[in-house]
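Novice: All chains, full assembly: derive it from the sequences and hints.
Residue strings, one per chain:
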Amino acid sequence: MFRADPVARTGWRWGGALAAMLVFQSLVLTAIFWGFANDNHRRAIEHGLADDCTFFALTPAEERPEELRERLSRDIHREQFLALFDARGRLIAGNVARLPAASGVGRSIVAAVAPTELPGRTSDVARLTVCAMPDGTRLLTGVDLDDAEEALRLVWRSLLLALAPGLLLALGVGLMLGRRAARQVDAVRRLTARIVAGDLRERLPVSRRPDSVGLLWAQVNAMLDRLQLLVADVRGIGDDIAHQLRTPLTRLRAGLERGLREASDRGAFERVMERALAEIDALLGVVAALLRLRELEDHERRSRFTQVDLARLVEDACDLHRPMAEDRGVTLVCLVHAGVEVRGDPSLLMEAVANLIDNSVKFGPALGRVSVELDRRDTAGIITVRDDGEGIAVSERSLVTQRAYRSPGVVRGAGLGLAMVKGIADLHGFRLHFVEGESSVQLICPAPVDHTSPNSSR
Amino acid sequence: MRVTRILLLEDDAGTATEILLELAAAGHEALHRTTLAGAAEAMRESAIDAMIVDRQLPDGDGLDLIAALRAEGRRTPALVLSALGSLDDRVRGLRAGGDDYLPKPFALVELAARLEALLRRPEEGRATRLIVGPLDLDLLGGTATRAGRLLGLLPRELKLLDYLARRPGRIVTRSMLLQDVWGYTFEPNSNVVDVHMGRLRRKVDGEGEPALIRNVRGQGYVFDVPG
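So the protein lines, in turn, are chains A and B.
When we follow my numbering, the leftmost residue of the first sequence carries the number 1, and every step to the right adds one.
When we follow my numbering, the leftmost residue of the second sequence carries the number 1001, and every step to the right adds one.
The set of hints was computed from the structure by calculation and includes no laboratory data.
Predicted, not measured: the structure shown is a model, and the values here were computed from it.
Each hint should be verified, as a subset may be incorrect.
Footprint (simulated), chain B over chain A, 3 or more residues, beta carbon under 8 Å [unchecked claim]:
1. 272 to 282
2. 316 to 329
3. 335 to 344
Derived list of chain B stretches under chain A, where covered just means 3 residues or more per stretch with a C-beta under 8 Å from a C-beta of chain A [as the list claims (entries may be wrong)]:
4. 1007 to 1020
5. 1193 to 1203
Beyond 12 Å from chain A on every Cβ pair, some chain B residues (computed) [said to hold, decoys possible]:
6. Glu1029
7. Ala1040
8. Asp1061
9. Ala1068
10. Arg1121
11. Leu1130
12. Asp1136
13. Leu1150
14. Leu1178
Ideal Cβ placement from N, Cα and C applies to all residues, glycine included.
Specialist: This is the structure we're talking about:
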C-alpha cells in the first residue's frame, strides 16, 4: 500500500534552514550596522568632549563657571552634562551633582551621572570625560546617551519587524520547496509502486518546458515505454504459443479420442497413432519455429556472419524446391544475376529464400508459374519471388510477418513462415518488401558496408 | 557381431527410460548415468562405443565431459542432446567435440538413426567409385548405373544415392539428409526431401526391379542391399 512520504517534514526542514539563515544574516547585518554607527557616534562625541576640555582650559579660571552656565543654557535639549569641580571634588558649577566613581582621565567613558537639572531623574547614563583644568579644578563634560539608546532600540525594533515577515517567508518558501520535493518523490514512489504491482501504463507528468527533474522524468517515461513494449512482446509470445498450439492440440485430442473409441483393429489404431504422431511433430515444429524466431532477435549472431554468394544460394533454393513445384504442376523459373555477395548467415538466408519459394509454390495457383529472380540494383541484391496468384492482401501484409498470424483462408501450416523471413531479414539488416499490384515478395539485401574493420568481431 | 555398449548421460528419468528402451530394442547394451562424475567414472571403467550426452546436468554441462575426453585423446563418438533450443548450441556442441547434435524434443527414431550413423560412420571421401549390389556410382564422372542401366541422376540425386548406399540397411531420416546432403540445418515447411527422394526412387527402382530404397513411414528411408 502506498504511504505518503514520512519526510513531508522535509518542508519544515527546508523552512527551518532558510529561517535560520535569514535570522543569522539579519543579526550579522544589524551588528555590523550597529557597530559602525556606534563607532561613528562615539568618535563624534569624543571629538566634542575634547573640544570642550580644550575650550575650558583656555578660558580664564574666573570666567569658567559663567561660561559653563552660559553653555548649559544654550543646550535646550538638555543632553549635555557639564560640571566644574574643585580639587576636592566639590561642585563649583554645572548640572552634575558629583564626579562619577570611575573617571578615566583623558579617555571618554560611559558612566552613570547624577543630573541636577533633569526633573524626576537622579541618574542618567552618559558618555563623559573628566579633564583637569590648569588651576587644579576638574571639568566633567559628557553627552546624555538617551539618544543612542533610543537609536539602538529603533534598530532592534526594525530588525524584529523585518525579521517577522522574513521568517514567515522563509518558512513558507521552505514548506513549498519541501512539499514540492516530497511531491516529486511521492510521484516517483507511486509510479514505482504501480510498476511493481504490474501496471506499466502510468507515466510521470512532464511539463511543456521541463526543469531538470522534468527532464529526468521524461527519461524515466521513455524507459517505461521501452519496458512496456518489451513486456508486451513477452506476453505476445505467450499468446502466440497458446494460439499456435491450441488448434493442433485440439485436433490431436479429438483424433486420439476417436481412435480410442472407434479403432477396432490394430491397423486402424496404428493409423490413428501415426496421425497423432504427425500432429505432434507439427506441434514440435511450431515450438521450434517460435524459439528460433526469438533467437533471431539476438543480434549477437551477426558476429558469425560470413560472405554469402547469393547467386549460389538462390540456385540451391530453386533446386531444392523444383521437384516439389513440378509435382504440383507449378513451373519454377530461376533467373540469377551472378556475383552478388552479402554478409550473412548462409543457413538462415537459405531458410528465408526457401520459405518464400515454398509459400509461392504452396499458395500460388496450381499449374501456375513461380519465378525467383536475383537482381542487382546498384550495390544491393534483390531477391524477388513472384507467382501468378493474387498475393497477400494489402491489409494483411503487416500481419503476416507477425508471429501468430495465419491468413483466414489458410487452414494448415504454422503461419510462421513469413514471420521467420522477416526475422531473418531484420537480423541481416535486409528489407522484406511486398510489391504493389502483384503477388510478389522481395528481399532487398543492401551490399555490406565494408566489414574489413574488425568492429563486428569481438 | 559384438554388442555395442552405449553410455547414456541424462538426468531426466522419463526421457532416460524412453531412450533406454529404444537402445535395448536396437540391441545395444546401455549404461545409464545421471551425473557428470558418474559418467566420467563409467567412461574410465568400461569400454564404451558411443555416448549420448545431455547438456544440462545437476553437476554441469555435458559438453565439459566430452571436451575432457577429447583432451585425453579419446574419440568415442558422442551424440549431444539438449533442451537449449538455440541455433548456436549446435555449433557450440559440435565445436566442443560432439559428433552430432540433437535438440530436444526429438523423435526416438531420429535418435536411433543418428546413433547408428555415429556407430558405423562410413569411410567418406577417398572412394570416388561405389559399387553396392547392382548399383555402380561414379562420383567423379557424376553418373550412376543400375545393372548397366544409366540412371540419369541429377548431381543432387547422385549425392543422395551415395549417402544412402553408404549406409545400407540403416534408417536415414529426413533431417539427416537435409543436414548431410544439402548442408541445411533448418526444417523446411514442406516435404521437399520426400519429393526429392520420390524422384530418386523412381529413377533407381525401375519397372519390375526390386526396390533398393524403402520408405519407412514416419521415420525415413532405408537402402536395402539385395540378396
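Novice: Could you run down the list of hints and mark each one as holding or not?
Specialist: We went through each hint and held it up to the structure:
1. 272 to 282: holds (count 4)
2. 316 to 329: holds (count 7)
3. 335 to 344: It is violated: at least three residues are needed, and the stretch 335 to 344 of chain A offers just 0 whose Cβ sits closer than 8 Å to chain B.
4. 1007 to 1020: It is violated, with 0 qualifying residues against the three required.
5. 1193 to 1203: As far as the stretch 1193 to 1203 of chain B goes, the hint holds, because 4 residues have Cβ atoms under 8 Å from chain A.
6. Glu1029: holds, 28 Å
7. Ala1040: B/Ala1040 clear of chain A: closest Cβ-Cβ about 31 Å, beyond 12 Å.
8. Asp1061: The assertion about B/Asp1061 holds, with a minimum of 19 Å to chain A.
9. Ala1068: holds, 26 Å
10. Arg1121: holds, 23 Å
11. Leu1130: holds, 23 Å
12. Asp1136: holds, 24 Å
13. Leu1150: holds, 20 Å
14. Leu1178: Since the minimum Cβ distance to chain A is about 9 Å, B/Leu1178 lies within 12 Å and the statement is violated.
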